[in-house]
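Residue numbers (our numbering), protein chains in the order written: chain Y, 159 to 460; chain R, 159 to 460; chain W, 159 to 460; chain E, 159 to 460; chain G, 159 to 460; chain C, 159 to 460.
None of these hints come from the bench; they were simulated from the model. Just so it is clear, the structure is predicted and the values come from calculations on it, not from any experiment. There could be a bad hint or two in this list.
The list makes no distinction among identical chains, and a pair is therefore deemed to hold if it is satisfied within one copy or across any two copies.
Under the rule of at most 20 Å between Cα atoms (straight-line distance), these lysine to any residue pairs were calculated in the SDA-like manner [stated by the list, open to error]:
no.: 1; residue 1: Lys350; residue 2: Ile323
no.: 2; residue 1: Lys218; residue 2: Asp336
no.: 3; residue 1: Lys385; residue 2: Asp226
no.: 4; residue 1: Lys350; residue 2: Glu382
6 protein chains.
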Amino acid sequence: MTTRTLRGRRAILDVHARGKPIGDDANLDVLARRTPGFSGADLANMANEAALLAARRGRKRIGMSEFDEAIERVIAGPQRKSRILSPKERELTAYHEGGHALLGKLLPQANPPHKVTILPRGMALGYVIALPQEDKYTVTQSEILANITVMLGGRVAEEIVFGEITTGAANDFENATDLARKMVTEFGMSDKLGPLALGTKHGPVFLGRDLFESQNYSDEIAYEIDKEVRRIIDECYSRARAVLTEHKETLDRIAKALLERESLQSDELDTLVAGQLLRPDLPALASSAPSLEQITVTPGSA
Amino acid sequence: MTTRTLRGRRAILDVHARGKPIGDDANLDVLARRTPGFSGADLANMANEAALLAARRGRKRIGMSEFDEAIERVIAGPQRKSRILSPKERELTAYHEGGHALLGKLLPQANPPHKVTILPRGMALGYVIALPQEDKYTVTQSEILANITVMLGGRVAEEIVFGEITTGAANDFENATDLARKMVTEFGMSDKLGPLALGTKHGPVFLGRDLFESQNYSDEIAYEIDKEVRRIIDECYSRARAVLTEHKETLDRIAKALLERESLQSDELDTLVAGQLLRPDLPALASSAPSLEQITVTPGSA
Amino acid sequence: MTTRTLRGRRAILDVHARGKPIGDDANLDVLARRTPGFSGADLANMANEAALLAARRGRKRIGMSEFDEAIERVIAGPQRKSRILSPKERELTAYHEGGHALLGKLLPQANPPHKVTILPRGMALGYVIALPQEDKYTVTQSEILANITVMLGGRVAEEIVFGEITTGAANDFENATDLARKMVTEFGMSDKLGPLALGTKHGPVFLGRDLFESQNYSDEIAYEIDKEVRRIIDECYSRARAVLTEHKETLDRIAKALLERESLQSDELDTLVAGQLLRPDLPALASSAPSLEQITVTPGSA
Amino acid sequence: MTTRTLRGRRAILDVHARGKPIGDDANLDVLARRTPGFSGADLANMANEAALLAARRGRKRIGMSEFDEAIERVIAGPQRKSRILSPKERELTAYHEGGHALLGKLLPQANPPHKVTILPRGMALGYVIALPQEDKYTVTQSEILANITVMLGGRVAEEIVFGEITTGAANDFENATDLARKMVTEFGMSDKLGPLALGTKHGPVFLGRDLFESQNYSDEIAYEIDKEVRRIIDECYSRARAVLTEHKETLDRIAKALLERESLQSDELDTLVAGQLLRPDLPALASSAPSLEQITVTPGSA
Amino acid sequence: MTTRTLRGRRAILDVHARGKPIGDDANLDVLARRTPGFSGADLANMANEAALLAARRGRKRIGMSEFDEAIERVIAGPQRKSRILSPKERELTAYHEGGHALLGKLLPQANPPHKVTILPRGMALGYVIALPQEDKYTVTQSEILANITVMLGGRVAEEIVFGEITTGAANDFENATDLARKMVTEFGMSDKLGPLALGTKHGPVFLGRDLFESQNYSDEIAYEIDKEVRRIIDECYSRARAVLTEHKETLDRIAKALLERESLQSDELDTLVAGQLLRPDLPALASSAPSLEQITVTPGSA
Amino acid sequence: MTTRTLRGRRAILDVHARGKPIGDDANLDVLARRTPGFSGADLANMANEAALLAARRGRKRIGMSEFDEAIERVIAGPQRKSRILSPKERELTAYHEGGHALLGKLLPQANPPHKVTILPRGMALGYVIALPQEDKYTVTQSEILANITVMLGGRVAEEIVFGEITTGAANDFENATDLARKMVTEFGMSDKLGPLALGTKHGPVFLGRDLFESQNYSDEIAYEIDKEVRRIIDECYSRARAVLTEHKETLDRIAKALLERESLQSDELDTLVAGQLLRPDLPALASSAPSLEQITVTPGSA
């Protein structure tokens with residue numbers, strides 16, 4: 159059974175649910191839809207985490223809230239309640255994550271954000287969980303470009319709002335550069351380089367594939383690739399900048415809401431993007447948040 | 159006994175057929191003709207798969223349909239019925255595979271397509287099975303160019319029909335680039351580089367031959383090679399584009415038929431290319447299809 | 159428990175304090191604040207060193223002075239009382255370390271110096287202990303630039319005062335160059351190179367990550383990186399030169415005080431920077447000092 | 159005893175002949191002359207093969223025909239009777255091998271062809287056996303150039319006759335390029351590069367000598383070498399083209415005779431080159447032939 | 159106890175002296191001053207050698223002469239009395255070593271020569287022992303330049319006196335080039351390259367640090383480094399040439415004295431440099447001398 | 159005991175002579191003088207070979223002729239009497255070796271030839287044994303240039319006499335190129351590159367020193383080195399050509415004498431160079447000769 163399909167994940171979840179006291183509000187179909195990109199081991203892991211959480215919370219049945227928490231643990235590691243951020247770093251994190259989330263909402267071809275938070279998990283001070291709209295096996299050029307733009311949105315928000323940039327976007331750059339490079343060298347999506355594969359994938363694996371993969375073209379072509387990667391990143395950066403500048407007020411609203419509530423769900427983001435206010439809510443716990451990250455769960459090749 | 163000859167494969171099939179209940183419609187001569195490029199292990203594997211399939215289907219004898227299914231399994235892996243593609247991805251796959259198949263029919267020197275399908279198998283969302291017209295030991299320059307053109311046909315179809323390109327052609331580019339590079343560096347088929355071997359084959363094998371093979375020429379020659387590979391790919395791409403643009407209506411007919419029936423045999427493709435309609439058929443099962451692939455079975459060195 | 163937070167370090171210190179006779183003047187909260195960047199092993203090490211020192215000094219309880227000495231031992235190794243520097247080298251060391259310390263005080267975004275000394279420890283003839291103002295997880299561009307400037311201040315002081323340069327700044331150059339290179343290749347802080355990651359971090363680890371990391375861009379980009387790193391270093395060097403030239407008299411005062419007292423605390427530096435004289439003090443022991451070093455304790459990624 | 163001399167081979171053959179029933183027509187002196195380049199193991203192998211063949215053929219004594227067949231087996235592997243070539247590939251093979259053979263006859267300094275055949279052996283669809291005229295230890299520049307020209311004759315024949323080129327010459331290009339490269343880098347036979355050794359032979363052998371050998375000169379020299387190798391190959395190619403174009407009728411005669419008889423001996427080639435017809439012969443068996451190859455047996459360093 | 163300080167070496171010598179019959183003329187303080195750069199093992203070795211020498215010479219106590227001989231043995235290996243140089247090689251060696259020694263005396267910032275000899279030791283035909291004036295931990299730019307100039311003085315003397323150069327300076331060039339390269343890449347002493355570290359020292363150590371250290375800059379910077387190293391060497395060479403040409407007569411006096419006496423102490427060199435004659439001495443033994451070398455004992459980083 | 163000195167070799171020979179029946183004509187002092195460059199193992203080997211030869215020849219004592227034959231065996235391997243060269247190859251060998259020998263006699267600074275022969279040994283068709291005039295530890299620039307010129311003399315003779323060149327000089331080119339490269343990169347003997355060491359010798363030894371040695375300079379310097387090596391080789395080649403062209407008649411005399419007598423001693427060469435005839439001699443055995451080689455025995459660093 160493959161986890162690449164909704165049906166496959168549902169079947170695996172059925173197996174793990176057997177003999178466990180599942181709460182009435184817990185819906186395995188919904189869980190299968192929320193876990194694209196999970197391996198079989200991830201699903202097993204998630205089911206066990208949920209059971210443990212329910213036990214720790216003294217509940218008789220595993221509810222949807224335990225499953226949701228378990229999904230995030232599998233993706234981003236356990237929460238780190240002990241981290242106390244300075245007010246300035248908290249604000250920076252809120253704008254950084256807000257930048258990712260807002261672009262995810264505004265760019266129609268990006269993976270839509272499911273949740274954004276400035277509650278630290280693992281090594282991250284905050285993160286966005288974004289899911290593709292459906293189980294997909296191929297990704298289009300415009301989807302890749304939109305996702306790169308979203309990745310660059312964190313740094314752009316820092317720049318627009320604070321006029322100062324930080325080390326917090328290093329990971330975003332790695333992901334964005336990697337994707338742009340694949341567009342040029344694997345997906346044949348650069349007119350400059352043409353519909354070629356540059357660097358063979360099926361080469362001998364010894365010191366890891368990456369090492370020798372990149373060596374079957376000349377230095378001139380290496381430079382052409384570098385320039386194309388740069389052009390793609392620059393264009394996506396400009397787009398991120400244009401969109402976030404235009405929607406600066408929405409960005410402020412999202413950052414403010416994040417500082418107040420620490421996490422926002424997809425529908426709350428929609429409300430803020432629509433220019434409306436969130437319903438008054440229970441005030442969030444005064445919690446802290448570590449480094450800046452955007453987590454995108456994309457199935458398959460991109 | 160070698161499997162490189164028809165006679166050799168027939169002899170091996172005789173061995174594997176012994177003691178097995180072969181159906182009256184199963185013809186070992188035909189099987190030998192359908193399996194160029196198979197190793198002895200592949201043939202043994204195929205014979206066993208066919209017996210298993212017959213058993214699973216509750217049949218007393220192994221019929222031609224079991225052998226045919228077994229051949230595809232050996233080439234492309236088991237069918238993946240659980241994959242449910244979105245309508246958009248299914249259409250994209252139909253045009254991508256249709257592009258390969260139509261060029262395979264229209265270019266006289268390409269390996270003619272035996273079957274095209276959008277039923278997923280292994281990692282592929284769809285594929286074309288193409289066989290060379292006869293057992294051949296050498297391949298001509300025009301045959302290689304035609305096959306490269308066919309490989310690029312999937313991406314070209316995406317571009318012409320949807321005006322949008324996807325990651326689905328990455329594998330095609332690898333195969334096409336590899337073949338173009340061999341034309342230049344091994345087969346002496348570039349006037350620019352001349353009748354030379356660039357990169358020795360008989361070098362020391364340590365981290366795999368590919369690694370060090372490519373290092374016995376200067377960076378200037380490496381760049382010349384890159385430019386020639388690019389030129390070959392570009393010319394084949396233009397040709398694919400010209401042919402598919404001219405036969406856009408046939409491409410539409412093939413894609414439509416694939417969406418209805420999921421698989422097309424060589425004669426059905428001929429009917430569609432001739433501008434005629436297919437006989438009404440039993441409607442295909444509502445099935446799903448994964449990534450885009452073209453499988454070419456070519457014996458020998460190319 | 160993580161040592162990246164104040165709270166985490168405090169908790170670990172509690173564990174190590176158990177059963178040990180802690181003096182009344184020793185404050186674990188203060189110790190936690192003085193040990194950012196320490197690992198759990200460092201904290202354990204520090205607690206044991208403090209206990210040993212107290213025993214050696216014939217004290218019944220571990221006082222704050224033992225803890226302070228233990229912290230420096232963990233950072234910079236044991237004191238080397240046997241080294242006798244020539245007067246010229248002692249003066250050179252005083253100006254070199256004074257240059258670091260003065261810039262650390264004058265540049266608002268640099269990590270402020272906690273202590274400066276020309277008492278040799280480990281391989282260093284002298285050193286500065288500088289701590290970031292708070293537990294931080296991200297570092298801004300201006301903070302990095304200020305810290306590079308501080309690192310270059312040792313050499314600049316040599317040049318301004320003696321008109322002669324020495325080998326003593328080699329280590330400073332390594333740290334400064336490393337930080338400047340990261341600005342360009344990891345933190346996306348060069349307009350020339352753009353918001354890209356140059357050299358993937360997640361590559362195969364075989365001979366250590368550094369080896370192959372740097373090879374996924376062309377030589378042209380390698381040269382662009384070199385030029386940007388040079389530009390950053392040059393600008394920081396000019397800034398260090400301008401600031402130290404302007405405050406030459408303060409630098410003289412600090413160097414003179416170091417030659418007299420061997421070590422200066424943060425508040426003594428403040429007094430000297432304010433143009434005032436230090437209170438007469440017990441004359442320091444006639445001690446010697448080895449090579450020139452600036453020790454910056456920065457938590458996290460920079 | 160060395161096999162590099164006629165006398166040495168004769169002595170070794172004496173040893174292997176002991177106790178074996180040698181036929182009256184078998185002449186060990188002639189065998190020694192036909193086996194330059196053989197190692198001691200090759201000679202032992204050849205003697206055993208001959209004995210086996212005689213046994214299989216039900217003969218009491220090992221005749222010269224068994225020895226001759228055994229020599230070819232050692233050089234080119236066993237005959238492959240099961241390969242059935244298409245008429246087009248057979249014709250192509252006949253012209254390809256005919257091109258090698260005719261140039262071997264017409265160029266006075268080339269190793270003269272002893273036999274040419276389109277009966278497949280091992281991986282080859284056909285081959286030429288060429289022997290140097292005498293046991294030689296040094297090779298002159300004109301001899302090397304003539305042998306390169308012969309190697310390129312197969313491709314040239316394809317081009318002249320069919321106006322289409324194939325993958326069948328890949329092996330010829332490797333041998334010709336290797337020889338041309340040695341002229342430039344080892345034998346000091348390029349005025350452009352001078353009487354130098356480029357790439358040391360006595361370097362450390364670790365991953366095989368070739369790997370590191372080529373690295374002790376600059377990229378500029380690497381490019382000079384590449385251009386010289388190209389010039390040599392081009393001049394030899396032009397010469398092959400000129401000679402075969404001028405003697406196109408002889409080439410046709412040889413190809414026709416090969417298609418009829420499958421193999422031609424040296425004297426039959428002479429007859430055809432002289433413009434005469436071959437004596438009517440027993441018609442050759444309708445046999446098949448695989449890939450295109452020229453086997454040159456050269457003793458020693460070239 | 160460290161050997162990097164005078165006090166440390168004295169303490170170690172005390173340990174090794176215990177229980178040994180030390181002569182009245184042997185002064186451990188002087189010995190400690192003569193052994194900068196010695197490791198603990200070197201000191202132990204030296205003490206044992208001195209004891210053995212005294213035994214071999216039938217003395218009851220270890221005198222200063224045994225200790226002096228032992229120090230040289232540790233530095234340069236045992237004397238090689240069996241080497242008989244031709245008169246021409248002896249003269250060449252006298253001028254080569256004389257060139258080193260004279261520059262060491264005339265350049266105020268060079269390590270002053272303690273002794274010069276043409277008595278062969280180990281692989282060297284002759285050598286100079288030069289000690290820094292005091293225990294030092296940092297080295298200035300002018301000191302490094304002076305030491306490079308001294309290193310080149312051997313070759314310069316050959317050139318000035320004989321108009322012919324030999325292979326005897328190969329080792330000097332290695333040391334001088336290494337030091338010049340460190341000025342540029344580690345000590346930030348080139349205006350052209352700036353105050354940077356080029357090649358990280360803390361990289362992964364696998365095949366030794368040197369291998370991968372040098373690869374984190376572009377080829378353009380590599381060339382800049384090469385040109386700067388060349389410039390430094392050229393300037394030092396010119397300086398050596400100017401000084402030795404001006405003091406040619408002193409050089410002649412030193413060479414002549416070396417040929418007569420084989421070894422010269424620091425004060426004898428001073429006498430010759432001052433233009434005076436040496437006191438008539440016991441004629442040196444007719445001894446022989448091997449290759450040309452200058453031994454500089456420098457503590458620490460340079 | 160070292161073999162680098164005459165005295166050392168004499169002492170070792172004494173050891174090996176003990177208990178062996180040495181003939182009256184055998185002089186150990188002469189043997190020591192004839193074996194510069196021999197290791198201790200070589201001397202032991204030589205003594206044993208001489209004893210074996212005497213036994214084989216049925217002699218009671220080991221005479222000087224056995225020692226002389228043993229020396230050559232150690233240098234060049236056993237004689238190969240079975241090789242029968244064609245008259246053309248024999249003549250070529252005579253001129254090739256004659257070229258080496260004549261230049262060795264005419265260039266005053268070359269190692270003078272001790273013997274020249276066209277009797278094959280080991281892999282060589284002929285060879286020259288050349289000894290330096292005395293035990294030397296340094297080599298001058300003019301001596302190296304003279305020796306390179308001698309090495310190139312074999313090819314030059316081929317070219318002048320036959321107007322045709324062969325593969326027989328490959329080994330000479332390797333030796334000459336290696337020596338020229340050392341002049342430029344180790345001995346500081348190129349004005350273009352300066353008195354530098356290019357490629358450190360003390361680097362990590364892993365895959366052998368040569369591999370990584372050559373990598374610490376830029377490609378521009380690598381090209382400069384290549385050009386200088388080429389210039390040196392070209393100048394030596396021109397010199398060889400000029401000298402041999404001028405003394406063509408002497409070369410003819412030497413070649414003729416070699417063809418008649420197969421070997422010539424130093425004094426016979428002198429006679430021929432002086433334009434006189436050799437005394438009628440016992441005609442040499444009709445013997446054969448393999449490939450072309452010049453063996454130079456040089457002690458030490460060059």
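Check Lys350 against Glu382 for me: Cα-Cα at most 20 Å, and say if that holds within a copy, between copies, both or neither. both (8 Å within a copy, 17 Å between copies)
Is it within a copy, between copies, both, or neither that the alpha carbon of Lys218 lies no farther than 20 Å from that of Asp336? neither (45 Å within a copy, 55 Å between copies)
Under a CA distance limit of 20 Å, which applies to Lys385 and Asp226: within one copy, between copies, both, or neither? Cα proximity of Lys385 and Asp226: none, with 42 Å in one copy and 49 Å across.
Within, between, both or neither: how does the pair Lys350, Ile323 come out at a Cα-Cα threshold of 20 Å? Classified as between; 15 Å across copies, 32 Å inside a copy.
In this structure, the earlier hints numbered 2 and 3 are contradicted, and the remaining ones agree with it.
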